[in-house]
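Throw the hints in and build the complete structure from the sequences for me.
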Amino acid sequence: MAEVIRMPKMSDTMTEGVIASWLKKEGDKVSSGDILAEVETDKATMELESYEDGTLLYIGPKKGDSVPIDAVIAIIGKEGEDISGLLSEAGQGEKPAAKEEPKQEAAQAPKQEEKKEAAPAPAKAEAPAAKTSVDTSNIKASVIRMPKMSDTMTEGVLVSWLKKVGDKVSSGDVLAEVETDKATMELESYEDGTLLYTGVEAGSSVAIDAVIAIIGEKGADYKALLDAEGGTVPAGVEERSSEENAKSDENIEARTEATTEDKVQEIEVPATGTEQVAAEGNGRIKASPLAKKVAKEKGFNLAQIKGSGEGGRIVLRDVENFSPSAAPAPQQAAKAPATAPAPQPQAIPGAPADAYEEVNVSQMRKVIARRLAESKFSAPHFYLTMEIDMDKAMEARVSINEVSPVKVSFNDLVIKAAAAALRQHPAVNSSWLGDKIRYNKHINIGVAVAVEEGLLVPVVRNADFKSLSAIAAEVKELGGKAKSKKLQPAEWEGNTFTISNLGMFGIEEFTAIINPPDACIMAVGGIKQTPVVRDGQIRIGNVMKVTLSCDHRVVDGAVGSAFLQTFKNMLENPVRILV
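Going by this note's numbering, the sequence shown opens with residue 2, and the numbers climb by one from there.
Worth double-checking, as some hints may not be accurate.
Quick list of in silico lysine-lysine cross-link-like pairs, DSS-like style, CA-CA up to 27 Å [what the hints assert, rightly or not]:
#1 K393 <-> K569
#2 K467 <-> K477
#3 K408 <-> K484
#4 K297 <-> K307
#5 K393 <-> K477
#6 K224 <-> K64
#7 K149 <-> K377
#8 K546 <-> K377
#9 K294 <-> K165
#10 K164 <-> K149
#11 K141 <-> K219
#12 K164 <-> K219
#13 K149 <-> K224
#14 K165 <-> K487
#15 K149 <-> K486
#16 K141 <-> K26
#17 K297 <-> K367
Label pairs and their computed distance ranges (CB to CB) [what the hints assert, rightly or not]:
#18 E375 <-> A352: 40 to 48 Å
#19 Q538 <-> Q425: 28 to 36 Å
#20 G537 <-> N463: 37 to 45 Å
Hints were generated in silico from the structure; no laboratory data involved.
Cβ coordinates follow ideal geometry from the N, Cα and C atoms, glycine included.
Okay, here's the thing in structure tokens:
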């Protein structure tokens, strides 16, 4: 009997998978253990194995399609076996009928409205057709959407396009670079064809699953696909894509005359010179509405922009290509105001003028702001600070580095001691999940790393089972990847406890905000020589302060204090870390 193959759940956060490629085709013989396809999850690209012997009778989703968990993706059975019943049960057999019904309704709808409205103009008669469902089955093109590249990603910034409209694209080619909240990653194509449409400009923010491009056969009607997605081509985008495809000034002007001639706004501004092509003799400047809007958003003065449209009209491309540094500032300065200037405050020689710079918030900074604000204002924080005598730890580090293949830092000792202490206090190695508390059996230490745009937290997995030299090598490698934006999702996810160390900057002590979903984060200060009392004598000792931030919904004061006490004993007697 034939067996249905469904999309499995390949990670704890997976809700759907993308068929990266099929390694078998319909009609192929399949044995248990054979790889049927490669599936891209939210964490990695994984192999989908067959657990059945037989013939691959049916393949549902195509390469590049997103498939929800438990959806039917294939059927395996005996050669020639009737699988229509299985398809019907899975909801596949009714799809052809469902496609035919809209066509019939679409054909009948205009007739019914024609009877009701005998007099309307042709433009009105076409309106209902625009609202009916669009049949895209014959369009040989595929929509490319913004993928979810990390578990915390809600939108991405398209840093740059590496392909342009009209370019040939093969599966595996990199289409663009996308900045997420964690790193800048490459967006690959899973389709072969021509890049027909790009809907997002470089530097723009794009929500998850939003349409960013269309790939298909040259000449395919991509606008119909956009209509089917519930939107039309934006006027500015249509103008740019047509310009890149047609490369014809005549086509652009003809379309512009048909759509914008009666919408051109004339703005009264003082003429600044004879070089302003858009300025007429009466001092008015002609600009399209879209050019005016974009110029206003960017803070540009239309009087400084040279128009390239008909009659010197300023169009969108003029605003986009305009550089404020090239503006004729001297001519503007030469135009003196008619009224007497107001008295200006005297400038102090050598004093800097008031100045500032505003920059767009990066994706990383947006997520840092959102997640830490949620943590600070939703999790009731309390803080526990303890001083630790680091004399023996400093001596042990010298001895360890004499034999270690990798230089071991104090931060590596802190990570190892924290992992060992967490094993003895599992209540600290926990997470708040709203209606339940998760006590993690594994110990994954997140290590906060400062990067140019903010903060990343790569994860040292199973830190309690790793040696000091292994931890040192891994932290060094992860830190390098974080600073070069080469971290992969699997390297920043899954932390159960976080350490933030500012000791190398000379900070004695500080408090850190809990990194969700962890229940605690430990802030580590620098080692400072301090007078201490030992055996009734005042001596100079090396003291380090640590502060544990705890989520009071999960960890109580006594639990956090017991953990810190064990952590302190580990570092003050480093041999215990190795036991």
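Right, here's what the structure says about each hint:
Simply put, K393 and K569 have alpha-carbon atoms about 12 Å apart, close enough for the 27 Å limit, and the pair holds. With a CA separation close to 15 Å, the supplied pair K467 and K477 stays within the 27 Å bound. Under the criterion of a C-alpha separation no larger than 27 Å, the hint pairing K408 with K484 is consistent with the structure, at around 20 Å. With a C-alpha separation of about 16 Å, the suggested pairing of K297 with K307 holds against the 27 Å cut-off.
The hinted pair formed by K393 and K477 meets the criterion: a straight-line CA distance of about 24 Å does not exceed 27 Å. For a cut-off of 27 Å, the pair hint linking K224 to K64 stands: about 22 Å separates their Cα positions. A threshold of 27 Å between alpha carbons decides the hint, and for K149 with K377 the separation of about 26 Å falls inside it, so the pair holds. Taking the CA atoms of K546 and K377, the gap is near 22 Å; set against the 27 Å cutoff, the hint holds.
A distance of roughly 25 Å separates the Cα atoms of K294 and K165; the hinted pair therefore holds under the 27 Å criterion. For the given pair, K164 sits about 21 Å from K149 by alpha-carbon distance, which is consistent with the 27 Å threshold. Proximity of K141 to K219 is assessed by CA-CA distance (about 9 Å); at most 27 Å being required, the pair is judged to hold. Using a Cα cut-off of 27 Å, the hinted pair K164 and K219 holds, with the two alpha carbons roughly 15 Å apart.
Of the pairs offered as hints, the one joining K149 and K224 holds, with about 25 Å between alpha carbons and a cut-off of 27 Å not exceeded. Distance restraint check for K165 and K487: the Cα-Cα separation of roughly 25 Å lies within the 27 Å cut-off, and the hinted pair is therefore satisfied. Annotation: proposed proximity of K149 to K486 holds, straight-line Cα distance about 17 Å (limit 27 Å). Distance hint between K141 and K26 is fulfilled; the C-alpha atoms sit about 20 Å from each other, no more than 27 Å.
The suggested pairing of K297 with K367 holds, with an alpha-carbon distance near 25 Å, which does not exceed 27 Å. As the Cβ distance of E375 to A352 is approximately 43 Å, the hint placing it in 40 to 48 Å holds. One distance hint, 28 to 36 Å for the beta-carbon pair Q538 and Q425, holds here, with the actual separation near 32 Å. For the hinted restraint 37 to 45 Å between G537 and N463, the CB-CB distance of approximately 44 Å keeps it satisfied.
Comparing the model with each numbered hint stated earlier shows that all of them hold.
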